[in-house]
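Whenever a hint applies, use it, and build me the whole structure from the sequences.
The lines below spell out each chain.
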Amino acid sequence: MQQNMETVSQQNAAPLLPTAKKQRSRRGLTWGSSSLLVILLLYFVAIAYPLFWMVMNSLKESSEIFSDSWALPTQWLFENYVTAWEQGISAYFLNSVIVTSLTCFLTVLLSALGAYGLTRFSFRGKRLVLILILGGLMLSPQVSLIPLYKLIQSLGLFNTYWALIIPYVAYRLPFTVLLIRAHFLTIPKEIEEAAYMDGCSSFSVFTRIFLPLSTPILLTSALLTAYFSWNEFLFSIIFIDDNKLKTIPSGLMAFRDMLQTDWGVLLAGLTISALPIILLFLFMQKYFVRGLTSGGIKG
Amino acid sequence: MFARQRSRCGNSPSNKVSAQKARQWSPERLHCLFIHLGGNDMLQRKYAGYLYVLPGFLLILLFIYFPIVQNIQFSLFEWSAFSADKTFVGLAQYAKLFHDPIFYQALVNNIYYAVISLIFQVFGGLVLAAVLEDKVFRKISPLFRTIYFTPVIISITVIALLFDFIYHPQVGLLNGFLSAIGLESWTRAWVGDSATAIFAAIAVSQWQSIGYIMMLFIVAIQKIPQELYEAAEIDGASKIRMFFHVTVPQVREMTFVTSTITLAGAFTVFNEVYILTGGGPGHASEVLGTYLYQSAFVHDQMGYASTIANVILAITLLISLVQMKLSKTGEE
Amino acid sequence: MKRILRFATGLLLIFSLATGCSTADTPKQASADPGGNQVSPAADQQVTLRFFHRWPRDPDKTYFEQVVKAFEQENPNIKIETEAVLNDAYKEKISVLLGTDNPPDIYFSWSGEYAYKFVRGGKALDLTSYAQEDKAWHDQLMESQLVPFTLDNKLYGVPLTIDGKTFFYNKDIFAKLNLAVPTTWSEFLSTLQTLKDNGYTPITFGNKAPWASSHYIGTLNQRMVDESTREKDYNRATGTFEDPGYVEALKKMQELIPYFNKDVNGLDHEFARQLFIDQKAAIFYAETAEVRLVEPKTKFPWGFLDFPAIEGGKGNPKFLTGAPEGFMISATTKHPKEAVKFLQFLTSKAQAEKFVKDVGKYSAVKGAVNANTATPLGIEAVERVTAAEGLALWLDTDLDIKIVDAYLAGTQQMLNGEKSPEEIMQDVRKAAQQVREQSK
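Residue numbers (the numbering used here), protein chains in the order written: chain A, 31 to 329; chain B, 4 to 335; chain C, 89 to 528.
No lab work stands behind these hints: they were computed from the structure.
From the three backbone atoms N, C-alpha and C, an ideal C-beta is built for every residue, glycine too.
Among the hints, a few may not be true.
List of simulated lysine-lysine pairs, PhoX-like, C-alpha gap at most 25 Å [said to hold, decoys possible]:
| id | chain 1 | residue 1 | chain 2 | residue 2 |
| --- | --- | --- | --- | --- |
| 1 | A | 219 | B | 99 |
| 2 | B | 99 | C | 490 |
| 3 | B | 89 | C | 528 |
| 4 | C | 149 | A | 274 |
| 5 | B | 89 | A | 180 |
| 6 | C | 167 | B | 89 |
| 7 | B | 99 | C | 528 |
| 8 | B | 89 | C | 490 |
| 9 | C | 528 | A | 274 |
| 10 | B | 99 | C | 507 |
| 11 | A | 180 | C | 149 |
Covered by chain B, according to a simulated footprint, are these stretches of chain A (three or more residues, beta-carbon under 8 Å) [said to hold, decoys possible]:
| id | region |
| --- | --- |
| 12 | 67-78 |
| 13 | 295-308 |
Printed below as a string of structure tokens:
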């Protein structure tokens, strides 16, 4: 199939080649596709330019940003990055990594187990459990902000990493359970029945059959969870109050307040916060997209 | 091996004693339960199901449902965060809310958010996905896909703070751009102007999230059997026809998923608005999320904040019920 | 082996919740009760105090770090954990923290209603007896600055700074245009008109964070409404805001709109200050605490300009808008003595002088601002604050937050030309009515 697509796209590079039968639609396609290309390019610029602008101005002095934010820096102030890093971005970054990775691990683990239980077993109240889990999908963290604030305190989690991790896991579970469950439903029953015949326990069916067959969807779940916990803002500004424990979203707010009009350093801080993740994504993307795609073919 | 385990903990009559002993919550019983997971017998698998589901489910109960219930209780009282006494006021807070013009302002803004997000994220994301998945753009689509997706992985705080610069009335990128292309008269204080503040925040959301929804649709489109397109092509269908007659019906389930995500996001939005406008000027860009936050932690009206939370809850539940009715998710 | 592993995984799963909580419990107990037991603290027992203020920026940040260090050296049995967040975030955060079972022992507070709210909530320790015990310390604090921390004759806070609001004006521009310093409202308006006619931005104003407008409104209310009426209205139990002076005050603010820079609601206060420093605007309404932020950066002579007297206004024109800021001690602290000791250390003459010198703000300790510690402009600023016949406290911390919100939200809209003074006052009266009912 992949080869087939390659050939097609080569054909399109020389659109006049194809047979007479398809000519009419091809010509319309050329006109349409070039205007589409323009739109794609404009959108490309709309996304990329602000990011480029951020990097460019992060290398300037504030007064230079005020006077001309479009120009390239006259003097490349890499010190801005050093300043930003030392002023606290390094700590926020580490905190975000800790919180995000623990959240991802726990979420994917508990979701996969839950999805397995929901798809492969029947038990009393399963429908209720399923409804409650699906219902949890629609219950947003904001709604429970005040009781959670009280709950986190009475559990003694306030102002610890767990004050973020545990609610994050809880609120990601419904979605990831749903996602993984949808995939588990597509795994044919015959495979596991064969395994049971061989005397496998359900747990080893889970670890040996379901997990390997679901690597792409588990990765997707992990990435979506990471996306959530990396970005989460509301809990992180309320449940953590120690500057040493702040994650990037809440840390940056403190960072901005601290800097007043020192915009160059602030932009440097923003860039540092964004860049490694972008790089990581570019690096992981092949894996991610290939995972999604192969999952797609299987489904 | 498995047979032996079963005989040790399971149903064989010779094991009655140990089974009784195991009724207490002991490690041994746990062990047995776990070995029950291996059983094919439906009775045993009942326990196993519970065990798999339990850890996550308990977490959901404690951190999602318990607060929801408590929230309803909280909304019936008038109370302050730093005072122990609560005054029972019944439904008075709800009555007050439904006469509160700021609440309606916020609700309208959330509705704007929802409609615009549906158009740009769900419809726009689907179109974008379809275009990028089209054979014509095979070669360049990985690059575009990557760039479009980039904002998704950047923290919303970074993005909102960046747009704070972009919207800056005097040195911002947007006004600079408008002046440069001769649209000086269009320049304005985007987040300081009541007419544009909420849309400025909504725009940031779209900028960040279209790529995410697009990616989900790309996955869905890649699942569509190629033969359907080939068949349509043989019938001489145009690209647009193929989009509406093959792509759209085929990604129906994903459309429900993305609409749910988008709508729920629109009614619970907080970050962009809080960082960019704080709900201002006046209450022009207030959304339910910021109003809830303000009521709780600025105005110290915890009961009123809980009331707002319950309204958000009702709205999001309504959306989900409609979605569930329309889609088949949650059935099969 | 595999079986054991499976069993272990199972256990782990089932108890994942429990362990998750119990491991997290340990640090909490450690921070909640650092002494580790409930026995009354012996003299040599280690005591940890949590100290929460609102100055995460330098030079304040460093100053407080140094004070804490110096204090810890003098009192080796006391350890202080400091936390700081800025302004608006502070207002939100302190409400959150005081709502917990474990509030900070010593926390920053604005004065007036803002502080009284904590007192009413039972969150502030009564410091009266401590002040009586250490008369010498108490007497060196400016009497007038204690008033806004006093409720029902009881002292609940210790003022750290004094602060007042006044116009900063660019003397170069005034000289160039031959402008005299205006003393009345009409003179002020014509001065602004001249500035505008000559291509200057007369007043720089950034109201993106709307507290900025509260300083104008606070001053104008004070100028327009007579003292006893204003006092009655600012009291949460009796405020009605019926006096026509309040509408007039907002109308005066409206008269200034043409003389502000463009996009006031889109710019923050810091940016507005920058416009004054860059000589793009001639006048800036600022706090005396901002002298330290403006003076080192300006390359032109500038001075203070009193808020003009308003014709027909019933308030005393010799009043100044401003308020002390200081610290309160949590009513539930386990170590009140140590906490008071720290505040006494913080407001000792030596520390106060260091504060003025290092931070550039003005201390509420008598005589701390002097030729050794401050610039001539700074000394002049303090003289203006202490010479005022009375203080009108910051509107945004003196009134109940619901009334403040009606004011500030309304003013933002008025600045955008979307709301009239009358409409704002309707909202304010409605809010005042709610507050009255609540305070019953």
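Tested hints:
1. A distance of roughly 55 Å separates the Cα atoms of residue 219/A and residue 99/B; the hinted pair therefore is violated under the 25 Å criterion.
2. Under the criterion of a C-alpha separation no larger than 25 Å, the hint pairing residue 99/B with residue 490/C is consistent with the structure, at around 14 Å.
3. The straight-line distance between the Cα atoms of residue 89/B and residue 528/C is roughly 15 Å, inside the 25 Å bound, and the hint therefore holds.
4. As the CA atoms of residue 149/C and residue 274/A are separated by approximately 15 Å, the hinted pair is consistent with the 25 Å bound.
5. A C-alpha spacing of about 15 Å is found between residue 89/B and residue 180/A, which places the hinted pair at or below 25 Å, so the restraint holds.
6. The hinted pair formed by residue 167/C and residue 89/B fails the criterion: a straight-line CA distance of about 36 Å is larger than 25 Å.
7. Distance restraint check for residue 99/B and residue 528/C: the Cα-Cα separation of roughly 19 Å lies within the 25 Å cut-off, and the hinted pair is therefore satisfied.
8. For the given pair, residue 89/B sits about 19 Å from residue 490/C by alpha-carbon distance, which is consistent with the 25 Å threshold.
9. Note on residue 528/C and residue 274/A: the hinted pairing is violated, with a Cα-Cα distance of about 43 Å set against a maximum of 25 Å.
10. Distance check on the hinted pair: residue 99/B and residue 507/C sit about 23 Å apart at the alpha-carbon level, within 25 Å; holds.
11. With a C-alpha separation of about 30 Å, the suggested pair residue 180/A and residue 149/C falls outside the 25 Å cut-off, and the hint is violated.
12. Interface restraint, the region 67-78 of chain A with chain B: holds (7 residues with C-beta to C-beta distance below 8 Å; minimum three).
13. Evaluation of the coverage hint for the region 295-308 of chain A: fulfilled, as 7 residues show C-beta separations to chain B shorter than 8 Å, against a requirement of three.
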